[in-house]
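*Asks:* Both chains come to you apart, so use the hints to assemble them.
Chain by chain, the residues run as shown.
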Amino acid sequence: MYPKEFQESIKKVEATRQARMTQQFPMLSLADRTILLEAYHPDYKKGTMRQISVGVNKGDKTPHEFANLFEAYSHINPNNFTIPSPKYETDVLIIGGGGAGVAAAIVAKQAKANVFLVTKLRVADANTTMAQGGIQAADKENDSPAIHYLDVVGGGGFKNIPELVRALVSDGPEVIRWLEELGVIFDKAPDGTMLSIHGGGTSRKRMHPCRDYTGAELMRCLKDEFLDQKIKYLEYTGALELLKDSDGKCVGAVLVNMENGEVFTVKAKTTILATGGAGQLHIQGFPTSNHYGATADGLVLAYRSGAKLTFLDTIQYHPTGVGYPEQILGQLITEKVRGVGAQLVNADGERFIYDLETRDVVSSAIIREIQDRKKGIMSVTSGGVWLDTPLIEMKSGSGTILKQLPAMHRQFIKFGIDMTKEPVITYPTQHYQNGGILCNEYAETNIPGLYVAGEVTGGVHGRNRLMGNSLLDILVFGRRAGTHAAELAAKTTEVKPGTINHVKKYHSELEKAGIPKERKSPMLLPDYRPKEFQDRYSFLSHLK
Amino acid sequence: MAKLATIYIMGKEYKVPSTLTILQAIEASGFLFIRGCGCRGGFCGACSTVYRTKDSYKLKVALACQTKIEDGMFLAQIPFYPGNKATHNLSQIKPTTETLCALYPEIMRCISCGSCTKVCPQDIKVMDYVNAAIRGDYKKIAELSFDCIMCGLCATRCPAEIVQYNVALVARRIYGAHVMKKAQHVDKRLDQMKENQFASEIEELMKSSVDQLKERYTKRDMEK
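Going down the list, the protein sequences come from chains W and C.
Per the numbering used here, the very first residue in the first sequence carries number 370; after that it's consecutive.
Per the numbering used here, the very first residue in the second sequence carries number 174; after that it's consecutive.
Isolated chain C, as found in the complex (with noise of 0.2 Å):
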């Protein structure tokens, strides 16, 4: 039996197994999530939780799923946030510095104060992507803000009322469709598509008895 540790959800005391996560230590203290909890293992921001330690005035932020408690943990889940997501029609946008200030006007009243980059579970560096936002620089929002999983804590946190998250996703998806280079081998793929150019040799593998398949799938040559 692993060592019992105490632990206080919105403020109420309860008792768990010390190895827990987050997690699993609110459902062992018997709360059943509705929200707050989704693909439980850290890629979708559902869990976001602030939390406070024994002894300590200063406050925390951790994915439950993907953080294990400690002794004298205050917790709480920030299950929805209200933020703004600007709609756009992506095919008609273009990617210039005009463009992020015009979904997102809110992006130029930041203060660079650095409490979206702090309080990143990803460890992403928020700011410097809203810095280079203003700056209509999308190859840098793509790179700084890639591994973002929209848990939204950065907003909860902004005395700008940005949404960091939605402003980075956008930004993202201009410089994915806009930005970026189409596969040339993807148009030459799709050409060859048109003219039907496997659809035979499809229907033949279609018919062939499961020897013949056999027989085709272990002479294959691997690409090294």
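One chain only, chain W, in its complex shape (with noise of 0.2 Å):
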């Protein structure tokens, strides 16, 4: 039940449900929709971003949330900070346990390599889990790869690197393949045909879901999997620094135990970086969809030890975010609602978007929406627009709801919002980071050694990610660096000690650019304290 306020509202809608079940909204032109974003995208907001004054990357834009991470000093001091022997030595060293990290683990064991995963949080904590609506993969009999090749670079705003979109969409049939056989429960008919729908921005119907608990669906699959292959593993183990060799060569990381603060390295042949998402940084201020891990900890790490980023100046801000009720803002109402035929409408009850616009478009007309119509509901927030869902049931009958979503039935129901009868209230919500470290299509980076996968790389999407693209992506790489890195492993006969000397030679860069000595990085955990509780975390106390 919502507040009196909202119910006027509430009519509208339902007075114009009716007529609007069958009303053709025209989609944008693609000189419309770059109007439209330039308008109204966050991205491009003027005084939001500054140039990078050290590194690789100096003079490109990005984020002040991302600069700031970026002119930042290491929690270790390089200059007296002994290195201590490796605690542990392997073939393979994994940063990261979410979809990306746990099956470049599992393709890197069969491979015969030595696995060794460390995550700062959970195996299986992970932005992946939270994914719902589904993974696309061109599959069907009307679609092909080189179709969702090219809703991929659409998607993008034709910027997107050419070789990984090719990787991306030509493993997709062989990544679902390997699901089915890790047992992931599809949504199926019963002779097996995959039920697809329509995600925004594709031109066929190739978003596989398993009901709106995808990613969960995957995640779990890919964890048991993991603990059956019995793979070393470490929770609550942080990366502060990569470790390279004097050749340059990336040999392993120095990490830290986050419950008693003990800092050790482990020595590797090769290191894969699957550290996720930045949601967690909060950008412009948006709430967001995040998990609680997501701090962008893998770019500062390949920042420092020279890796090149690319598309630092493009966040993904998803257009359906939980506008209300604020104890749940900013989390995730899945896409698949729209693609199930929820419509967006305004505090009058009209619709102001094709519903499956690609998502920065949506996003940018719902802040239109808002900003400048002032059509937009206000609540305790920023505001909102409805999304209508109780159109799912009139156009496919009463109970697709919780047949079909039943993880938004739930997130609403707990709050007294019963989804089938009401509308909910969504506004963008920061969601994914475009933008990472530079891989080619084999997931190494310009580091000897170090490869990446998932969500910590950029480039494959280009500016804009359409849905259903990184469960795909976080498989793709996250088995191509797995493979790749075992390979290398296993050519590799002698690793070097590692060094700690490019940490010594960003700190020199820091120090000329003037960056104040008390910002650290990486961030590791999010620190939602009240501000006069806020200090240093204590297992990163004793580091001077």
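Hints in this document: simulated from the structure, not taken from any laboratory.
There's no promise every hint is true.
[As the list claims (entries may be wrong)] Under the rule of at most 35 Å between Cα atoms (straight-line distance), these lysine-lysine pairs were calculated in the DSBU-like manner:
1) C:K298 x C:K313
2) C:K291 x W:K599
3) C:K313 x C:K267
4) C:K231 x W:K373
5) C:K380 x W:K381
6) W:K743 x C:K355
7) C:K188 x W:K889
8) W:K557 x C:K231
9) C:K387 x W:K744
10) W:K764 x W:K574
11) W:K790 x W:K381
12) W:K636 x W:K574
13) W:K415 x C:K392
14) W:K599 x C:K355
15) C:K176 x W:K772
16) C:K312 x W:K783
17) W:K574 x C:K380
18) C:K380 x W:K790
19) W:K574 x C:K397
20) C:K397 x W:K764
21) W:K414 x C:K233
22) W:K874 x W:K528
*Replies:* Right, here's the structure in full:
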């Protein structure tokens, strides 16, 4: 039940529902998309970015929140830090326990490599688990990887890196088969045919859902397989720096036990960074749909070690974050809700955008509707627009929401809102890091021995990712990283001692640029405590 | 300024704005989560919480991120539970009645008390799927347990020491891998990929100028 002040607007939504059900709403032309984006997308907002003053990408523009992490000192002082002798030695070290890291681990282990995975939370604590609507793959008769390719680059503003897109769309069908073999329960017809739907910007129905728990289902199967393979792992272990040998090759990492503060190193023939995204930075003050651990740590580590980053000036704001109630503000309302027929409408019950435009476009249209046209619903926060969910039941029959969107129903019913009968309030939320570490189609970076996979990378999605392409991305590139890191490890006979001389060099650049000494990174965890309680985390406090 | 509520975190009193979730309230009391906090969105099961309200003997459970605090709430988290997970080789396993009993013989100790069902924050009929596991009814387990987020609360209350969520997980994987039919359209596509059927078309797209791509993109036919 909504408070009284929304009731009048809900009546307007109800009044137009029947007519809207069959109303065709036109898609925007590419030119109109650009006009809308430039006027309203947060990436284009003045004063929100600055040029990075140090490192490989010096001069590139990025949000202040990212720049603050790059323009920051290491938690360890390279001038007085003695690198402890390796506590563990392995062929492949994987940093990050989400979908990309775990997929890489399984594949590398199958390739007979010794694998060691560390994660700062639990294995499977990642944005992967929170992905809801589905995974894309061009595996149906009327579809092809080439059609998928065109959708991907169109969604990305035609800026995507072609080799990476080719890898993404070409591995899709194989990834789906792999998941079937791992026991993932996709929504299927009895004969095995996948039930597939549209996402924003897709020209074919190639979204494969598992109800609206797609990421959770994928991740728990991957984790279970990971445990069955008896791969060595350590949880609550944060990464502080990468180690490089005298030839500039990555040979492991400096890690911290986040419960007792022990700092130790892992010596590795190859290293895979799969640390995920950055929602917890709350860029421009946006709420986020992201996991507690999404703090961009991998970007910081890679950047200090000399890895090139790309597309740092573009962030994805998912159009439909929760706008009400405030307790779950910014949490995700899956795009699948629109995929199965819900419509975005303003306070007067009017449609204002074709519902399956790409995410950047829909978010911009919502912001325009509220800021300029003043047709938002003013809630406790910045306001929002309606997502007319009862329409799903009208279109596809009563019970559709409980069957296809049980997680969404649960999310709202806990706060007294029944989305089968009432629309929900929505506003854009920081969702995905489009940019990241540059790599090639073999998941290699410009640092020998350093591989990357998943959201920490940049380029495959250009300036805007399509729904369902991140679950695909983490598995395509996770598997590729695992394969190639294991291959190189097998060819490596000797691992030279690791150093943090690159950190020393980076620090002198920071000093020259006049960066204040107290600024440190990586963040490791966001701090939601009241200001007066915030200090250096206890597990880092002994590091001088 | 929101009204303040009094809560007791592991017995100690704190006053926090009454509109917060349990998770936010613990943070507002000055705690930094290392364990006990995950996705903050109801999907990961990291923040399972046991609580009691004033003047009641009843123990209740919640996901801290999805539950608003109540005045007088006594709460504690269960950040880790040492439940057993049987390892197995999924490709070799058979979807028979014996399989689950062999992996987790303790399911036979179920006394049908219903504690697991009662405690589930996802309102899953846990006991019913444990019974289905004893019968080897994989389809039933998959249907009933699918929305499980593996928070582990069921296992904490089970007098028979069953780790229900792990039983359900292996049963679902067996069902997905060995009972459900594989998608034939995926087979077909994999055959086509082996013959490199789409490689030249993709290469042509890779070489296209932005204007050429835009033209093709605009002219795409959209599946209805």
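*Asks:* Are the hints correct? Go through all of them and say.
*Replies:* Going down the list of hints, with the structure as the test:
1. For the suggested pair K298 of chain C and K313 of chain C, the alpha carbons sit about 11 Å apart, so the restraint of at most 35 Å is met.
2. A hinted pair counts as satisfied when its Cα atoms are at most 35 Å apart, and K291 of chain C with K599 of chain W qualifies at roughly 33 Å.
3. Between K313 of chain C and K267 of chain C the CA atoms are separated by roughly 17 Å; this keeps the pair inside 35 Å, and the hint holds.
4. The straight-line distance between the Cα atoms of K231 of chain C and K373 of chain W is roughly 34 Å, inside the 35 Å bound, and the hint therefore holds.
5. Between the alpha carbons of K380 of chain C and K381 of chain W the distance comes to roughly 50 Å, so the proposed pair goes past 35 Å and is violated.
6. About 50 Å separates the Cα atoms of K743 of chain W and K355 of chain C, which puts this hinted pair outside 35 Å; it is violated.
7. Distance hint between K188 of chain C and K889 of chain W is fulfilled; the C-alpha atoms sit about 32 Å from each other, no more than 35 Å.
8. The hinted pair formed by K557 of chain W and K231 of chain C fails the criterion: a straight-line CA distance of about 42 Å is larger than 35 Å.
9. Between K387 of chain C and K744 of chain W the alpha-carbon distance is near 33 Å, which keeps this suggested pair within the 35 Å criterion.
10. For the given pair, K764 of chain W sits about 18 Å from K574 of chain W by alpha-carbon distance, which is consistent with the 35 Å threshold.
11. Taken as a hint, the K790 of chain W and K381 of chain W pair is honoured in the structure, with Cα atoms around 14 Å apart against an allowance of 35 Å.
12. A hinted pair counts as satisfied when its Cα atoms are at most 35 Å apart, and K636 of chain W with K574 of chain W does not qualify at roughly 45 Å.
13. Annotation: proposed proximity of K415 of chain W to K392 of chain C holds, straight-line Cα distance about 34 Å (limit 35 Å).
14. The suggested pairing of K599 of chain W with K355 of chain C holds, with an alpha-carbon distance near 27 Å, which does not exceed 35 Å.
15. Simply put, K176 of chain C and K772 of chain W have alpha-carbon atoms about 38 Å apart, too far for the 35 Å limit, and the pair is violated.
16. Between K312 of chain C and K783 of chain W the alpha-carbon distance is near 28 Å, which keeps this suggested pair within the 35 Å criterion.
17. With a C-alpha separation of about 26 Å, the suggested pairing of K574 of chain W with K380 of chain C holds against the 35 Å cut-off.
18. Note on K380 of chain C and K790 of chain W: the hinted pairing is violated, with a Cα-Cα distance of about 50 Å set against a maximum of 35 Å.
19. Of the supplied pair hints, the one linking K574 of chain W and K397 of chain C holds, its CA atoms being roughly 9 Å apart against a limit of 35 Å.
20. Of the pairs offered as hints, the one joining K397 of chain C and K764 of chain W holds, with about 15 Å between alpha carbons and a cut-off of 35 Å not exceeded.
21. Of the supplied pair hints, the one linking K414 of chain W and K233 of chain C is violated, its CA atoms being roughly 46 Å apart against a limit of 35 Å.
22. This hinted pair checks out: K874 of chain W and K528 of chain W have alpha carbons roughly 33 Å apart, not beyond 35 Å.
Checked against the numbered hints above, the structure violates hints 5, 6, 8, 12, 15, 18, 21; every other hint is satisfied.
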